[in-house]
Amino acid sequence: MSVASPSAPTRPTPPGPPAPGAHVRRKRRSSRSGGFVPYGLALPALFLLFALLGYPMVRMIVLSFQNMRLRELFNGLTPPWVGLDNYTRTLTDSVFWTVALRTTIFTVVSVALTVVIGLGVAMLMRRVAPSLRIAMIVVMMFVWAMPQLVATQIFRWLVDADFGVINYLLTLLGLDYESHSWFAEPLEGWSVITALVVWAGIPFIAITLNAGLTQVPKELLEAATVDGASPWQAFRNITLPILKQLIVIVTTLSVIWNFGLFTQPWVMRDGRPSSDYQTLATYAYSTAFKTNNYSLGSAISVITVILLAAVMVFYIRQMFKIGDVD
Amino acid sequence: MKRKIALAAALTATLLAAACGNDGSTSGTPDANASVDGKGKTLKVWLMVDAQSGWKNVVDQANERFTAATGAQVQIDYQQWGDHLAKVDATLAGSDVPDVMELGNTEMPKYVFNGAFHELDKAQYENSKDWLTGLSAPCEFEGKTWCVPYYAGARVLVYNTDLFTKAGVQPPKTYADVVAAAKALKQKNPGPKFSAFYAPGQHQYMGLAWAVSKGGTIAKQEGDKWVGTLSDPKVQEGLTNWKEITTFSSGDKTKNEQDQAAIFAQGQSGMMYGAGWEAGAAQEQPKDPNDPASEKVKTKVAGKVATVAMPEVPSFLGGSNVGITAKAQNPELAAQWIKIFTDSKSQELLIDKGALPNATSLLDKAAAKEGNEASAQAAKSSFFVPMAPKWAEVESANVIQQMLVSIATDKATVADATKKADDQINTILNS
Chain A
299 MSVASPSAPT RPTPPGPPAP GAHVRRKRRS SRSGGFVPYG LALPALFLLF ALLGYPMVRM
359 IVLSFQNMRL RELFNGLTPP WVGLDNYTRT LTDSVFWTVA LRTTIFTVVS VALTVVIGLG
419 VAMLMRRVAP SLRIAMIVVM MFVWAMPQLV ATQIFRWLVD ADFGVINYLL TLLGLDYESH
479 SWFAEPLEGW SVITALVVWA GIPFIAITLN AGLTQVPKEL LEAATVDGAS PWQAFRNITL
539 PILKQLIVIV TTLSVIWNFG LFTQPWVMRD GRPSSDYQTL ATYAYSTAFK TNNYSLGSAI
599 SVITVILLAA VMVFYIRQMF KIGDVD
Chain B
245 MKRKIALAAA LTATLLAAAC GNDGSTSGTP DANASVDGKG KTLKVWLMVD AQSGWKNVVD
305 QANERFTAAT GAQVQIDYQQ WGDHLAKVDA TLAGSDVPDV MELGNTEMPK YVFNGAFHEL
365 DKAQYENSKD WLTGLSAPCE FEGKTWCVPY YAGARVLVYN TDLFTKAGVQ PPKTYADVVA
425 AAKALKQKNP GPKFSAFYAP GQHQYMGLAW AVSKGGTIAK QEGDKWVGTL SDPKVQEGLT
485 NWKEITTFSS GDKTKNEQDQ AAIFAQGQSG MMYGAGWEAG AAQEQPKDPN DPASEKVKTK
545 VAGKVATVAM PEVPSFLGGS NVGITAKAQN PELAAQWIKI FTDSKSQELL IDKGALPNAT
605 SLLDKAAAKE GNEASAQAAK SSFFVPMAPK WAEVESANVI QQMLVSIATD KATVADATKK
665 ADDQINTILN S
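Top line first, the protein sequences correspond to chains A and B.
Quick note: the first sequence uses our numbering, first residue 299, plus one each step.
Quick note: the second sequence uses our numbering, first residue 245, plus one each step.
Chain B on its own, in the form it takes in the complex (with noise of 0.2 angstroms):
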């Protein structure tokens, strides 16, 4: 019985927490200035697993300036990208959520579309207005602000230098470079397990860097309605470019780009297209790959990587925004944690590991950094996906990746799969 009442409390005690949390959301945007008295209260974030690979050091100084700033604890629950909306979905349908949440920006549209985060003062937030707009578009919806920007990633071409010297190439300044390089990497190693350029074919950002790297679009908006356009021209001229690399992959066609770094490791490949971190993270893997937080091992490539920006393909410029869940219980904590974790102080710390920081500002300070010239350059030519709320949908629903597959393993013709992308894309952007 005693239970019985302790649950029935503690329901009560939720609902009205979650009442009042929506109270809060029509009554104007969380103050990341207010002095809060946070004693005993516990922040609840979720941040994406990079943060907890990459770079720990930053989330753990954020951590302990908020907590000397306000007295409340914070507790980070690292998440996985696989699988991980589903998961969100279920949280935010439910009363009990997480205050701060990251998403990815690709992903940030739907969620901001309906209604799932609070909305901000953008003026509170340091170097709001020179934030990267591949990061900050996506949270902007109907002229207000619902999500900050965290961190970017640029991809570039990331190559073996002693595959290069033994091979007697230069590093690529032009496309055609890349293709030679290709070449006579492939002619230098002849081996069936050599791959001149590591590919896997679902590897969508790569795949639409090339896409759009003639001038063409992904999709466009025609008055109300969105419209594919990777049938277009300029787009098959960019996806047969594409489909020519995938020839120097002797990797899996149909793989995704999740162990490409590990397949590199491997010192089979001469190049692949990924962000600037996966040159380190090739070099370096964890002793135990089923614990990414195990010790760090050199690899057979240690020494023997660098990377420059892909010529004349664009960058796809990804990224994470965090923003306060409309049901947040703490929306004041948060907008102040949020606040301290994208300052320059900490994005500075970003920077030293290899990540892009979330303002141009900040952009210079990262090309200066060894190592991140190439995905800064990189940035500076990037492309964003389209921003249509239900865009997310389109990459849930593999769209890009089987279009790119079939093309890969020779199933489709260009032609042929690209009318079929168009074709989902214009049923799901405007179902």
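Next comes chain A alone, as it looks inside the complex (with noise of 0.2 angstroms):
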């Protein structure tokens, strides 16, 4: 399933905003000369995305036309073409609709939180004293290092219903939280998982737009003071314009983790989540996997690809733009 994507950052480069001046001129010659090298040079990696991602992708777009099942994967035998059954099945299904629409709740709250916290954390580390913001950066790369197994796991022991230690100092603090589950309530439960995934993404995005703040001219926050503007008009006037172009890719690669959430939900729920826990991703591995209806599961990954696709190509859109503008 490719739509089983980490949906905590994978650490990529930050993309910090280049120096305008050196770009323009390193651009200016690329553009022409070189004739078949950069192709060349490019084969060996479009080659290990097309292994990688492209033949599965194909395999599962195959499989979604066809009506694969436990007898036909055991024996080798070519399923039966169902043309789009697995399709029509999957739309008119409001338990489909239903968990699209918790994934799409869940990435919409879960991206402004760690958007907003981010951006607060970096505005944050340009204020303290540098030894602090050091510290600072030491302990988001390990909560960023963290594997998502690991985190997760821990933060499922944490709020356990009966050896939790959450629940265990709640109590303390005269609270009735003695054996109290965090997961009876899907709201409650999808807190949990929320502030995790929040907690683990933090650290991209503080340090992704703590290295665009840096970008900020000190002058013009100062001149703008000098005129007599607040904080807040210099935030909005001076420091979001410069920051947005940072804040629309960091945006975008948060929904893309986001909205397809597995390991969080699958391993709180102990590999069985609850039909209150489902997400796209873990819709269309259980009904894989689970219930031995592959094509079934396949039809709702391309599905949740084409979904994602749609509300992603304004913001690639505007990541291209991005390039274009430099």
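These are calculated hints, taken from the structure and not from any lab test.
There are no misleading hints in this set.
Here are the simulated EDC-like cross-link-like pairs (lysine to aspartate or glutamate), alpha carbons at most 16 angstroms apart as the crow flies:
1) B/LYS664 to B/ASP654
2) B/LYS609 to B/ASP596
3) B/LYS544 to B/ASP406
4) B/LYS655 to A/GLU486
5) B/LYS589 to B/ASP304
6) B/LYS487 to B/ASP660
7) B/LYS373 to B/ASP587
8) B/LYS437 to A/ASP474
9) B/LYS609 to B/ASP374
10) B/LYS655 to A/GLU483
11) B/LYS437 to A/ASP458
12) B/LYS366 to B/GLU384
13) B/LYS437 to A/GLU476
14) B/LYS544 to B/GLU528
15) B/LYS285 to B/ASP340
What follows is a list of derived Cβ distance ranges for each label pair:
16) A/PHE612 to B/GLY511: 57 to 65 angstroms
17) A/PHE612 to B/ASP535: 48 to 56 angstroms
18) B/GLY315 to A/PHE345: 42 to 50 angstroms
19) B/PRO415 to A/ARG357: 58 to 66 angstroms
20) B/GLN465 to A/LEU467: 49 to 57 angstroms
21) B/ALA420 to A/GLY472: 36 to 44 angstroms
22) A/LEU467 to B/LYS624: 47 to 55 angstroms
23) A/LEU399 to B/ASP535: 38 to 46 angstroms
24) B/SER297 to A/ALA343: 45 to 53 angstroms
If the Cβ cut is set under 7 angstroms, some of the chain B residues that face chain A in the computed set are:
25) ASN358
26) PRO436
27) THR653
The structure presented is a predicted model; accordingly, all values stated were derived computationally and were not measured.
Quick reminder that beta carbons are idealized off the backbone N, C-alpha and C, glycines included.
Given two chains presented individually in distinct reference frames, assemble the corresponding complex, making use of the accompanying hints.
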């Protein structure tokens, strides 16, 4: 399932805004010369991409037009073709739309929280003493470096009803949290999952935006202050416009990651999430591998990819535009 | 280049072997009594983790006898229950498959139906005419036998004798006694962490046992269609009783039963509904919870745990079967290993470890063993899940668990939850 992409940052290099002058020259030189060399150099990467992503993707799309069940899997038979059956079945299934809506709401909430808090942390990093800033970066690097699976297990034990330390502490504070189940109410359970995803997502955004903030000219901010601008006005009219491109990029990436949320609800719910905890990725996986409806699961995955692509077109265009303007 | 050739050779060998394996399946049943020279061969066996943590000696002695008889070695891979079917599916789709595979008796029909196992000659396996129906029925398909019963487990009422004495209650003889005992225990131990009857909501074989306790069924066959019957009034009555039991539990109602023995071991639970061996697990836990093979240490409740057959509630007959995979590379060796692993000698060693044997003729021996009486008695009044080929998918899709959790957490009434589960069962079983 190619939709099961990680929902926490897998550390791409933060694209800091380039210094304007140097970039223009470099761009002009590379645009015409080279002939086939650039393509030749890109070939190994393209081949890897095709082998690792393209082939499974093609197989998945083919599979989604067939009806592959266990018998075909075990005996290597070619599954019968069923045309658009799997798609109509999925699109007319209210369960699918509930899951899609839940995934969308989660994505919007978690990305908004991650970006806002990440920006806040980045701004804070500009204000504190350099030694403290380094400490913050080191701590965030640790959070960033922690594998999703490990982080999820830790959170799961923190909120365990019978053995969890959160219930223990809340009970010490005099609240009625003895044996409290954090997953009985989906809203509460999703708060735990969102907290985990946001916690793991902040470092990438904070560190990237911190790099971006170094590009905001101090003189501009000082001049604004002299002219009587409030801190909020300075932030809105100077800092934000300069950061805008970066924010678009980190938001886009976060949306892609969080929309494919899988590990966190899967592990938190012990590999068998109830219907309240299904996301599009876990739903596709459960359909394909738990009920052995491989084709239906593939159709759900394909639809997920299309849904995500439709939402992302706007942002991806924005990203291309950013590239062009520079 | 050399490596490439080696790889190609290995691939060809595997393909050939796989092809031969398939030929084997068409040319009749593997002979468990054939004399095969297994020297230099390794039989690959997948067993579930219970064998590793519960009765490793049974496996070891079977391997020794097998190696002595055939000269072949055995490689055992222990699997975890949790998500093992996805792994099984992926493995069976490939060509390098284990020769012998253990599956739970509720999982078996789906795999037999889809051609994952070799047909067997039933008469070659000891006690085969007395096999427990709950285990052997999933092995039968189109009048043929496709797997061999391995062990069974019945669920019983596990209780804390110390807490019972302090609350002045006797071991229950009727269902009303159980409820009365729970009330007395709760009154005596008013603390918020105390569970008079620990009952996690996802414990589906507890919920299903109560569901059929008033004479209802889970699903029935009408012609060639399956119909869920959980919304039947008799089932609703049983589940209403179950719901009452869950109110005596202060534990997480959305949990499954995997850690219930560990929770019972803390001495804060009066009763629980578990497999016979869980009474032992509650009294002795591995020192390192992450390593089931580590040294066992006595828990707070050691010596204070007893079992009794749950009155007026039939027990789900759980258990496992072993079969020869259709793509097995050594089907005859596999048949011999299974024959040894499931014979009376191995079964008697299993009984010593608190599991139930695979045949009625051995049940009396199990009942004579101290601590086993309750499960042996419970096994006599048992029920089984519907014999639909796709029942395993109902389990994989968590239909029963979700129904139970929504009832236990007051998300849905018994009537609404059972209706919803019936709809899901109808869709899955008939798709």
